[in-house]
Every structure is written in C-alpha cells, then in structure tokens.
Amino acid sequence: MEITNRILKKILRDCRRNQADSTEQAVADAILLAFPFDEQQQNIAYRVFAPVLKSPTVKSCSLIVESGHQVLANIPPEKLLLLTLPENILKEPLLDENISRQLRRFRFAMALDLNPELHPYNAAAVLQSSAAKRIGFLTEFSDHFYNIQISKKVSDPIESSYRIMLDLVRDTGLL
Numbered sequence: 000m001e002i003t004n005r006i007l008k009k010i011l012r013d014c015r016r017n018q019a020d021s022t023e024q025a026v027a028d029a030i031l032l033a034f035p036f037d038e039q040q041q042n043i044a045y046r047v048f049a050p051v052l053k054s055p056t057v058k059s060c061s062l063i064v065e066s067g068h069q070v071l072a073n074i075p076p077e078k079l080l081l082l083t084l085p086e087n088i089l090k091e092p093l094l095d096e097n098i099s100r101q102l103r104r105f106r107f108a109m110a111l112d113l114n115p116e117l118h119p120y121n122a123a124a125v126l127q128s129s130a131a132k133r134i135g136f137l138t139e140f141s142d143h144f145y146n147i148q149i150s151k152k153v154s155d156p157i158e159s160s161y162r163i164m165l166d167l168v169r170d171t172g173l174l
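Residue numbers for the sequence shown follow numbering that gives the first Met the number 0, beginning at 0 and rising by one.
For the record, the hints were derived by calculation from the structure and aren't laboratory data. Ideal Cβ placement from N, Cα and C applies to all residues, glycine included. Please note: incorrect hints may appear among the correct ones.
[As the list claims (entries may be wrong)] Pairwise CB distance ranges (calculated): (1) Asn87 with Thr56: 38 to 48 Å; (2) Asn4 with Ala72: 37 to 47 Å; (3) Arg12 with Glu139: 10 to 20 Å; (4) Pro55 with Phe140: 32 to 42 Å; (5) Lys90 with Ser66: 13 to 23 Å.
I would like the entire structure built from these sequences, with the hints used as guidance.
The following block contains the structure:
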C-alpha cells in the first residue's frame with residue numbers, strides 16, 4: 000500500500016493523540032501481536048507465535064482483520080481486537096477509535112507488527128500501544144512506528160523473520 004506524506008502525518012498525529020499515557024505506574028507486561036492481512040502469513044504467524052498465544056502466563060492481545068479471525072478461533076475473545084477494513088483505506092487512514100480505546104486497556108511491554116508491508120492500521124496500533132519495544136519490518140516509513148526493525152530478505156521465507164521476532168520476545172523474559 001502506498002502511503003503519502005500527508006496521510007503519514009495524519010496517522011502520526013492521530014497516534015500521538017491516542018497513545019496510552021506512559022506516565023501511569025502500571026507495570027507493562029503485555030504483548031501486542033498485530034497479525035498480517037494475508038491468510039497464508041496469518042497461518043504462519045499463528046504457528047510461530049503459538050507459544051505466546053497459548054501460554055497461560057503470558058498476557059497477550061492480538062489485532063487481526065475480521066475476515067481472518069478464524070485463524071485465532073481458540074484464543075479467548077477478550078484477547079482479540081477485530082479490525083474492519085474500509086473499502087478505501089486512503090479515505091479512512093486512521094485506526095478506528097474503538098480499537099484505540101481497547102488498546103489502552105493493556106500495558107504493553109512489547110508490540111509486534113507481523114505484516115511485512117507497512118499498513119497504517121497495524122503500524123498505528125503498534126505505535127499507540129506505547130510499548131517500550133515496538134517491532135516491525137523495515138520499510139520506507141517504518142522509522143516513524145518501530146524502534147526495532149527487521150529486514151525481510153526476499154530469498155528468506157517470512158517464517159524466519161517471525162522466528163527472529165519470537166526470539167526477541169523470549170529475550171524480554173515475558174515468555
């Protein structure tokens with residue numbers, strides 16, 4: 000998806016307005032997984048991140064497009080944020096206010112955008128999470144959203160990039 004500078008500025012302004020207040024004293028102990036929109040990538044991401052999603056001790060929240068939520072059918076509904084995609088995202092580039100409000104229920108230590116292409120909704124959710132570690136794929140505008148960026152090699156399957164991200168989760172001690 001092509002993002003113009005004007006849309007980028009609009010998204011970033013909205014993210015700043017909706018970001019969780021990082022001055023709160025609550026301990027950040029949750030993980031946000033923003034799932035990709037492609038069904039095959041959703042299945043791969045689910046398989047790789049199953050230890051996070053199925054662990055009874057890990058607090059996690061998964062953002063996934065409504066049409067792909069069956070991939071996460073066995074995840075409790077309170078841990079799911081279902082995203083509705085508009086017909087023309089360029090006319091509605093901002094993350095839905097309801098999703099932003101639901102994100103503020105959690106204190107995220109880490110947020111991962113599993114979409115290999117920058118999508119404004121996933122990127123905005125990761126930025127609004129106020130997580131100390133915001134991980135996503137390296138793209139033209141990824142500097143604005145992620146403080147840890149994974150370079151996706153064309154010759155490598157997406158699974159290898161997801162495994163690198165999972166290792167970063169393990170390194171935090173949350174898993």
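Any hints this thing doesn't respect? Which numbers, in order?
none
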